[in-house]
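S.K.: Using the hints, position chain E against chain L.
There are 2 protein chains.
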Amino acid sequence: MAEDSAPPVDQMALATLNDDVSTPFVKAQFSDRVLIRTILSRPDGGAGLAGQTVKVGGWVKTGREQGKGSFAFLELNDGSCPANLQVIVDAAVAPLGQLVQTGTCVHVEGLLKVPPEGTKQRVELRVEKVHHVGPVDPAKYPLPKTRLTLEFLRDFVHFRPRTNTISAVARIRNALAYATHTFFQNHSFLYIHTPIVTTSDCEGAGEMFQVTTLISDAEKVEKELIKNPPPSEADIEAAKALVKEKGEAVAQLKSAKASKGEITASVAELNKAKENLSRLEERSKLKPGIPQKDGKIDYSQDFFARQAFLTVSGQLQVETYACAVSSVYTFGPTFRAEHSHTSRHLAEFWMVEPEIAFADLKDDMNCAEAYVKFLCQWLLDNCIDDMEFMAKNFDKGCIDRLRMVASTSFERISYTEAIKLLEEAVKKDKKFENKVEWGIDLASEHERFLTEVLFKKPVIVHDYPKGIKAFYMRLNDDMKTVAAMDVLVPKVGELIGGSQREERYEVIEKRILEMGLPLEPYEWYLDLRRYGTVKHCGFGLGFERMILFATGIDNIRDVIPFPRYPGRADL
Amino acid sequence: MAEDSAPPVDQMALATLNDDVSTPFVKAQFSDRVLIRTILSRPDGGAGLAGQTVKVGGWVKTGREQGKGSFAFLELNDGSCPANLQVIVDAAVAPLGQLVQTGTCVHVEGLLKVPPEGTKQRVELRVEKVHHVGPVDPAKYPLPKTRLTLEFLRDFVHFRPRTNTISAVARIRNALAYATHTFFQNHSFLYIHTPIVTTSDCEGAGEMFQVTTLISDAEKVEKELIKNPPPSEADIEAAKALVKEKGEAVAQLKSAKASKGEITASVAELNKAKENLSRLEERSKLKPGIPQKDGKIDYSQDFFARQAFLTVSGQLQVETYACAVSSVYTFGPTFRAEHSHTSRHLAEFWMVEPEIAFADLKDDMNCAEAYVKFLCQWLLDNCIDDMEFMAKNFDKGCIDRLRMVASTSFERISYTEAIKLLEEAVKKDKKFENKVEWGIDLASEHERFLTEVLFKKPVIVHDYPKGIKAFYMRLNDDMKTVAAMDVLVPKVGELIGGSQREERYEVIEKRILEMGLPLEPYEWYLDLRRYGTVKHCGFGLGFERMILFATGIDNIRDVIPFPRYPGRADL
Numbered sequence: 001m002a003e004d005s006a007p008p009v010d011q012m013a014l015a016t017l018n019d020d021v022s023t024p025f026v027k028a029q030f031s032d033r034v035l036i037r038t039i040l041s042r043p044d045g046g047a048g049l050a051g052q053t054v055k056v057g058g059w060v061k062t063g064r065e066q067g068k069g070s071f072a073f074l075e076l077n078d079g080s081c082p083a084n085l086q087v088i089v090d091a092a093v094a095p096l097g098q099l100v101q102t103g104t105c106v107h108v109e110g111l112l113k114v115p116p117e118g119t120k121q122r123v124e125l126r127v128e129k130v131h132h133v134g135p136v137d138p139a140k141y142p143l144p145k146t147r148l149t150l151e152f153l154r155d156f157v158h159f160r161p162r163t164n165t166i167s168a169v170a171r172i173r174n175a176l177a178y179a180t181h182t183f184f185q186n187h188s189f190l191y192i193h194t195p196i197v198t199t200s201d202c203e204g205a206g207e208m209f210q211v212t213t214l215i216s217d218a219e220k221v222e223k224e225l226i227k228n229p230p231p232s233e234a235d236i237e238a239a240k241a242l243v244k245e246k247g248e249a250v251a252q253l254k255s256a257k258a259s260k261g262e263i264t265a266s267v268a269e270l271n272k273a274k275e276n277l278s279r280l281e282e283r284s285k286l287k288p289g290i291p292q293k294d295g296k297i298d299y300s301q302d303f304f305a306r307q308a309f310l311t312v313s314g315q316l317q318v319e320t321y322a323c324a325v326s327s328v329y330t331f332g333p334t335f336r337a338e339h340s341h342t343s344r345h346l347a348e349f350w351m352v353e354p355e356i357a358f359a360d361l362k363d364d365m366n367c368a369e370a371y372v373k374f375l376c377q378w379l380l381d382n383c384i385d386d387m388e389f390m391a392k393n394f395d396k397g398c399i400d401r402l403r404m405v406a407s408t409s410f411e412r413i414s415y416t417e418a419i420k421l422l423e424e425a426v427k428k429d430k431k432f433e434n435k436v437e438w439g440i441d442l443a444s445e446h447e448r449f450l451t452e453v454l455f456k457k458p459v460i461v462h463d464y465p466k467g468i469k470a471f472y473m474r475l476n477d478d479m480k481t482v483a484a485m486d487v488l489v490p491k492v493g494e495l496i497g498g499s500q501r502e503e504r505y506e507v508i509e510k511r512i513l514e515m516g517l518p519l520e521p522y523e524w525y526l527d528l529r530r531y532g533t534v535k536h537c538g539f540g541l542g543f544e545r546m547i548l549f550a551t552g553i554d555n556i557r558d559v560i561p562f563p564r565y566p567g568r569a570d571l
Numbered sequence: 001m002a003e004d005s006a007p008p009v010d011q012m013a014l015a016t017l018n019d020d021v022s023t024p025f026v027k028a029q030f031s032d033r034v035l036i037r038t039i040l041s042r043p044d045g046g047a048g049l050a051g052q053t054v055k056v057g058g059w060v061k062t063g064r065e066q067g068k069g070s071f072a073f074l075e076l077n078d079g080s081c082p083a084n085l086q087v088i089v090d091a092a093v094a095p096l097g098q099l100v101q102t103g104t105c106v107h108v109e110g111l112l113k114v115p116p117e118g119t120k121q122r123v124e125l126r127v128e129k130v131h132h133v134g135p136v137d138p139a140k141y142p143l144p145k146t147r148l149t150l151e152f153l154r155d156f157v158h159f160r161p162r163t164n165t166i167s168a169v170a171r172i173r174n175a176l177a178y179a180t181h182t183f184f185q186n187h188s189f190l191y192i193h194t195p196i197v198t199t200s201d202c203e204g205a206g207e208m209f210q211v212t213t214l215i216s217d218a219e220k221v222e223k224e225l226i227k228n229p230p231p232s233e234a235d236i237e238a239a240k241a242l243v244k245e246k247g248e249a250v251a252q253l254k255s256a257k258a259s260k261g262e263i264t265a266s267v268a269e270l271n272k273a274k275e276n277l278s279r280l281e282e283r284s285k286l287k288p289g290i291p292q293k294d295g296k297i298d299y300s301q302d303f304f305a306r307q308a309f310l311t312v313s314g315q316l317q318v319e320t321y322a323c324a325v326s327s328v329y330t331f332g333p334t335f336r337a338e339h340s341h342t343s344r345h346l347a348e349f350w351m352v353e354p355e356i357a358f359a360d361l362k363d364d365m366n367c368a369e370a371y372v373k374f375l376c377q378w379l380l381d382n383c384i385d386d387m388e389f390m391a392k393n394f395d396k397g398c399i400d401r402l403r404m405v406a407s408t409s410f411e412r413i414s415y416t417e418a419i420k421l422l423e424e425a426v427k428k429d430k431k432f433e434n435k436v437e438w439g440i441d442l443a444s445e446h447e448r449f450l451t452e453v454l455f456k457k458p459v460i461v462h463d464y465p466k467g468i469k470a471f472y473m474r475l476n477d478d479m480k481t482v483a484a485m486d487v488l489v490p491k492v493g494e495l496i497g498g499s500q501r502e503e504r505y506e507v508i509e510k511r512i513l514e515m516g517l518p519l520e521p522y523e524w525y526l527d528l529r530r531y532g533t534v535k536h537c538g539f540g541l542g543f544e545r546m547i548l549f550a551t552g553i554d555n556i557r558d559v560i561p562f563p564r565y566p567g568r569a570d571l
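Quick mapping for you: the protein sequence lines, in order, are chains L and E. Under full-length UniProt numbering, think of the first position of the first sequence as 1, with each following residue one higher. Under full-length UniProt numbering, think of the first position of the second sequence as 1, with each following residue one higher.
No lab work stands behind these hints, which were simulated from the structure alone. Treat the hints with caution; some may be incorrect.
A pair holds if it fits inside one copy or across any two, identical chains being indistinguishable in the list.
[As the list claims (entries may be wrong)] Here are the simulated lysine to any residue pairs, SDA-like style, with alpha carbons at most 20 Å apart:
| id | residue 1 | residue 2 |
| --- | --- | --- |
| 1 | K254 | V243 |
| 2 | K129 | K296 |
| 3 | K296 | D217 |
| 4 | K272 | R283 |
Please read these numbers as outputs of a predicted model, since none were measured by experiment.
Looking at chain L on its own, in the form it has when it is part of the complex (with noise of 0.2 Å):
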C-alpha cells in the first residue's frame, strides 16, 4: 500500500475539485487528496461529481460494520467542514475492525457515488484503495463516542480539535481573523506588530506577567558553583604568586640575555599563568541567586538591561504609526496576569486595536459599527454551516443576531442619556446589584439592559465621566466627560473599547500628573504631542469576546485554542 504503486489520480479532476482556492502560482492543494468541504459544499451536495475518483483524508467520527462483516460505513471528518462524508469500505479491501473505531485516520482513494433512494447523503465515496490507517485502541483513547463537556475537553486541548464544536469554532474564528485583515486592508489601515515584550510600564505593573532570564542565568549559575566550587582566597593569592615567579623568570632571561627560544617559552608560561589568574578572578565573582544592587533586584543584568513585561495592549505603541502613517491596526495577543477565574477572562488573549489619524470620536465610531457589521455579514457568507451547527447546539438565536446587527444602525447614546434610561428603569422596578448614578462605571448587567432589553440591538455609549477612564482620553469642553465610546452588544455586553486621544500637550501632561503617574515613562508618548501632534482616535476589540457573541459559547477558555488562565498553560 505504498504511496508510489497507488494508480494515478486524475490530476485535472482535482484540480477541477479544488477550483475554488486555485492561485496563479498554485494548482494543486499540496497534498493528493481533495478536501471534504469541496465535495459537499456544493450546492448539489457533491451528487454531480458520482463518476469521479478521488482521495481524501480524515478522522472517523463514527463507524460500523454491516451485512455481517462483509462492509463497513464510515463518517469521516477532514476539518474542512462540519459535514462529514459517507465512506464504504468493503472487507475484501481492507480489514474493517480497525477502520470503524472512532478517531482513527483513514486516507482512501474511491468512487463518488450516489447512495440509494431514501438516504440522507447526496453523495457516498466507495473506498477501492486504502493508502493509510492511523489506528485508535478504543480502551485508550480519551475522546469516546459519547457526548463530551467542553469542561471535560480542556483537560485534552490536544485532541479537542477533533471534535464538532471545538473545529468549528477553530473555522470560525479563522474567519473573523481574515475578515478582520479584510476589512482593514480594504480600508487601507496598515497593520503594525507591536512588540509583545514591553518597558512601558503602562498603568502600574501590577497585573503585568514579567518576562525575564535573571532565574534561569542564576540556576546556571549555581549549578556551575556546585559542578565547579568558586576559587578560595588562597588559590587566587597562589595564582597571584605564580605569576610573579614567572614574571621574575622572563626578566632574569632577559637580563641574562638568554636565547629567544628561552625568553618566547618564559613568555608563554607568564602568559598562561595571567590567564589563569583572571580566570580565577572571573570566577571568584560568580554569586549564587538573583544579582542585587542597593537591595534591589538588578535588572541592568536581565537580558533586556530592564525590568520587561508582556503587553497589555499595543494601543501606545500604535499610535507611534498612527502619527506617521496615518490609518494603523494591530492584532496580536495581550497578558494580563490578574487572577480571574471567571468564564470571561484569560491571562492571554487576542486584541485587535485599530488606530486612526485625523479622526475624531465620531469617526471611531463609524469605524467601530463598521467594522462589526463586516464581522457578522462574513460569518453569514462564509460560515453559515458552522453557524447552523451553533444555532442547533448552542445559541438557538446566533444566527438571527449576526444578521440583526450586520442590517440595523447602531443606536449611539452619551453616558449621561444612558445613566438617565438605568435610572428611569429603577424607577419602573427594575431591579440591579450595582448602584446607579451619574459617575459610576456601567456594569456588565447594566450594558446588557441597555443593549438587550431597552434597544434590542447594538448601542454604542460614548462620552464617559472622566474619573472612570484612562488618561489618554480626550478631555471634553465640558470638562467633566471624555471622548470615549463602548460597544455593547447582545449576549456579551462591552465589545469594543475606544475613544479619541488627548492630543494637546499640555492637557495631557496635566491629566498624566492627576492621575498621580509619572511622567517619565511616557515621555515618548509625550513627545508625539509635542511634534507634529495630530487629532487622532482608536478602540479595541477583544477578539475572543467577538467569538462568544457569534458563536453563543458561553466560556472564552473554549473559544481560543490553548486558553491560558491561573493554575493553567497546558502545551
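M.R.: Same frame as chain L, now just chain E:
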C-alpha cells in the same frame, strides 16, 4: 478654524476618490480627508482630479517660503504612499513660518490644480483653509531634515516611522502579512493562534525567556512586610490566649443559662478573636523572597502553577490542529533569549508556520515554493512604488530579484548532492571558512554560494543527515537522513526550514530517547502518533528574513517596528 465651521466638502467626490477602499458597508474613510495615495497613484498622477476640493492631512517632509514670504511650498506625506503631495499655502491663509518646519502636522482643505508646465508634479493642492496645525520646534525635533542613518534612527523608534525608509518598510511588511494570510486562506488553511506562553520546554530551556509573577509577588510581600511587620510569636500566643479566654466565657454563659442576647454577643467576640488569630497565622507564613521548596524555586506558587516560557515556535502545538482539521498555519511572535548581537537575530521576531496533513516532503516543498513566489508577485503587484524606493536607496537588484523568484522554478537538490557540489567548488579553488564534508550543518557561506553563485536562483536542499536535525523530522529509509528541507534564497541564505514529521510512534519515541530528551514533556505530542496518526509536514518562514530579502535592507532591527535584542527593548 474649528472643524464645525468648515464649508461642506463634496462627500460624493470623496467617496469616488476613495472608491478603491469602499466596502458594502462603508462609504467614508472614517476621516474626512482623502488619502494622498488615492490622488497620486492614479495613472494620470492625479491631474484628472484638478478642480476638485479635497481635505488632506499629513506631515511636512520639507517646506520653504517663497515670493518674499507671500506663500509656501510644502511636501506633504501621510504614509499612504512614498510620494509627497505638493501643497501651496498663501500667507493670507495661515502664518507660514510654523507650517514649513519638517515634521509639522497639517490638516488642510483646498483645490487640486495642475501646476505650471515644467514642474515635476502632475497635480498640486492650493490650500483654502487650514483646519489644524501640529507644530514642531526645529531646534528640539530629533529628526532634522538631513539624511539620517538607520542606526541613528533606532534611538527614536517612536519617530522613525516618519522617515521615508521606515514607512516604506511598514507598507512592505503590511503587504507581506496580508499576502501571507491571503495565500493560506486561498488554499483552505485555517489560521490557528498558537500560544505565546508555553509550558512545553522544547529542546532545552536555555534559550527561552521565562514568564513569571513570582518576582513581583515577592516584591509585594516584601513591601507589605515593611509597611506592616509580621506578627511575633508572642503576638500569636496572645491571640491564642484570647481565643481560649473568649471560648471559656461562652461556655460559662451557656452553663449559667444566660440570656440569648448575652450568649450571642459573647459568641461574636469569640469569632472575632478566632478571625484575628487566623489572620495573624496567615501573615506569619509570609516570607520575603521567591518561594522555595526543597531547595528549589516553588513553581507551584507561580501564576500558571508551573514554570512557563515564551514560545520559540508554534509548530508542535499547531500539529495538534493539523492532526484534526488537516491544513493549518500559525503566524505570530516567537522568542529567543540568545545573546546574539548580529544583524540577523532578534529576541522577538515573527514566524509563519504552515502544517499540512496527508502530505509529504514533496508537498511541503511545493507549498513553500508556491508561497514564496506568491509573496514576491504580491509585492510586485501591490508595492511597486515602495520597491522602487528600495531599489534606489538600498539594493539596486531587489526588484529584479523578486521578478526572478516569482517566475523561476526553484532548484531542488539533496543535501548529499549539495555537499558534492561544494566539494567540487573547493577543488576548483573556492575558499570557505567552514570545512565541507558530509554531516556538517551548511554554513551561511555555503548556502549563499549555492543560491547566489552556483544556481543563481532559489535552491531547496532536502534530506539532511539526522544528526544535525530535530527529533520530530521523519527518518528516511536509509536510516541516515531525515525528510527535512531548507529553502535558500539570494541575499539572505536560509529563508525557510521545514520537514515531513515523523508520524510513526515507535520511531519517534526512539528518536527522542536517542537524543537524550525526556519522554514525559512530549507525551501529548506522542499521543498524536498513538491515536489516529497521519502523514504530515510543515515549515517555518522567518518573516523578518523575508523582508530583508525583499527590501535589501541589511539589519533585521530596521524591518520590525519595535526591535528587541540584548540590552534593548524600547517602549
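S.K.: For each hint, tell me whether it holds in the structure or not.
M.R.: Hint-by-hint comparison with the structure:
1. K254 x V243: within (17 Å within a copy, 87 Å between copies)
2. K129 x K296: neither (69 Å within a copy, 57 Å between copies)
3. K296 x D217: both (17 Å within a copy, 14 Å between copies)
4. K272 x R283: Within one copy only: 17 Å inside a chain, 56 Å across chains, cut-off 20 Å.
Violated hint: 2 only; the structure is consistent with all others.
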